[in-house]
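Engineer: Chain by chain, the residues run as shown.
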Amino acid sequence: MLMGQKINLRRIEPPDLWRLWAWHEEEELYLFRQVRPFISFDEVAARFAELFHWKGDFIVETKEGAPLGVCSWKNMVFKNRTCELEFQMGSKNQSESHAADAVLTMSGLLFHELDMFRIGAFVPESSAFNRSVLEKNGFEKDGILRGHLFKDGAYEDVWTYAAFKKNGKREKKGGGSD
Amino acid sequence: MIEGWVVNLRRLKASDLRHLVKWRRDMELMACYDRLFFNAPDELEQDMKRHMAASDRLDFFIENKKGAPLGIAFFDHIDRENRSLELNVMIGEKQGAISFHGANSAFLLVLHAFGKMNMRKIYGRFIEHASQSKALLEAVGFEKEAIWQDYFYQKGRRWDFHVYGLLKNDFEMFLKTPKGQRYLTASQKR
Numbered sequence: 001m002l003m004g005q006k007i008n009l010r011r012i013e014p015p016d017l018w019r020l021w022a023w024h025e026e027e028e029l030y031l032f033r034q035v036r037p038f039i040s041f042d043e044v045a046a047r048f049a050e051l052f053h054w055k056g057d058f059i060v061e062t063k064e065g066a067p068l069g070v071c072s073w074k075n076m077v078f079k080n081r082t083c084e085l086e087f088q089m090g091s092k093n094q095s096e097s098h099a100a101d102a103v104l105t106m107s108g109l110l111f112h113e114l115d116m117f118r119i120g121a122f123v124p125e126s127s128a129f130n131r132s133v134l135e136k137n138g139f140e141k142d143g144i145l146r147g148h149l150f151k152d153g154a155y156e157d158v159w160t161y162a163a164f165k166k167n168g169k170r171e172k173k174g175g176g177s178d
Numbered sequence: 001m002i003e004g005w006v007v008n009l010r011r012l013k014a015s016d017l018r019h020l021v022k023w024r025r026d027m028e029l030m031a032c033y034d035r036l037f038f039n040a041p042d043e044l045e046q047d048m049k050r051h052m053a054a055s056d057r058l059d060f061f062i063e064n065k066k067g068a069p070l071g072i073a074f075f076d077h078i079d080r081e082n083r084s085l086e087l088n089v090m091i092g093e094k095q096g097a098i099s100f101h102g103a104n105s106a107f108l109l110v111l112h113a114f115g116k117m118n119m120r121k122i123y124g125r126f127i128e129h130a131s132q133s134k135a136l137l138e139a140v141g142f143e144k145e146a147i148w149q150d151y152f153y154q155k156g157r158r159w160d161f162h163v164y165g166l167l168k169n170d171f172e173m174f175l176k177t178p179k180g181q182r183y184l185t186a187s188q189k190r
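These protein sequence lines are chains A and B, in that order.
Residue numbers for the first sequence, in my numbering: 1 to 178.
Residue numbers for the second sequence, in my numbering: 1 to 190.
Just so you know, these hints were derived from the structure itself, not from any lab.
Quick caveat, the model's predicted, so the values are computed rather than measured.
Check before you lean on any hint, since a few could be wrong.
Stated by the list, open to error - Chain A is faced by these chain B residues, among others (derived, beta-carbon under 8 Å):
hint, residue
1, Asn82
2, Arg83
3, Arg120
4, Lys121
5, Val163
6, Gly165
7, Phe171
The C-beta atom is built at its ideal place from N, Cα and C for all residues, glycine as well.
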């Protein structure tokens, strides 16, 4: 378990199945867009088994144990020391301070324990909450992928962000690090 | 098979492995793709089989009009829901007009992706020192969308990763320009 100031991040366990399913059913949660719609309990269980065995997914919960959302890392490349971070809070739990603490705690694990140099993140333009949380945690926007996501009958831009291990960015020609 | 003026693109076959082994041993070329060295052709064969079976990937073998091998190209991360894919072109044979063959292959694949596969967005990514990849994407109308700073670690330093994108509407506009018309004419089978 990873302990932040306001939240804890813990491994996904069997009782989390139904909470994950409820979040999955909230269409506006982009994190779950990679998961196809379930049509049977067997499929829910199968997907749960995948989540249960994936070490990069964590449940975000309050200090009292109330589940708030999911925070994950993926696509880790040790040669380049890079990975990606995703987080999604349930629509009724969108407390910016809790989400920011979850991202801070996960970043701490990735930078200090796993020695990552660069953490990337992708956020749809309409997810102002997620963008705000990332920016408050020192993530900088480094591009916009035009029309990258189809959502609610329209194509949407995806903003890309990155955070770097402190003081680790190389100096660019012309002075200063950018 | 996709037939152009100077190159043909056909589906990758198991017998193409020997060419892939040769190109994968070219460290200068592989630095552009950030691929690590492999220990044995068996490893590459496993990769090749996995790629050929993957539903989100489509591999092509590039050859000249006489059937001589030039390189490979592939669509990766084919996303039918968001109608997007990633384009990769690698010319392994260094003799001859590399950039011409590369641009011709890229143009044919873009036409195929938009015209036959009903894609809406194509993107390409390359490490900052791969100047030929940049020229190739810009030649067929791609625009810069993002620079992922310090993404790769190679040769004792960090390198940026550039992301370029092309939307179907923009490509249709490009085809109406004199340059686009020239490409279209030059890419058609003669």
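Engineer: Taking the hints in turn, state whether each one holds.
Structural biologist: Status of each hint after checking the structure:
About 5 Å separates the beta-carbon of B:Asn82 from the nearest beta-carbon of chain A, less than 8 Å, and the hint is met. Given hint, B:Arg83 at the interface with chain A, holds; its Cβ is 7 Å from that chain's nearest Cβ, closer than 8 Å. A hinted interface residue such as B:Arg120 counts as satisfied when its beta carbon comes closer than 8 Å to some beta carbon of chain A; here the least separation is about 7 Å, so the hint holds. Residue-level restraint check for B:Lys121 holds (minimum Cβ-Cβ distance to chain A is 5 Å; threshold 8 Å).
For B:Val163, the suggested interface contact is upheld, since its CB lies about 6 Å from the closest CB of chain A, less than 8 Å. For B:Gly165, the interface hint holds, the least distance from its beta-carbon to any beta-carbon of chain A being 6 Å, beneath 8 Å. Given hint, B:Phe171 at the interface with chain A, is violated; its Cβ is 13 Å from that chain's nearest Cβ, farther than 8 Å.
Of the numbered hints given earlier, the model fails hint 7 alone.
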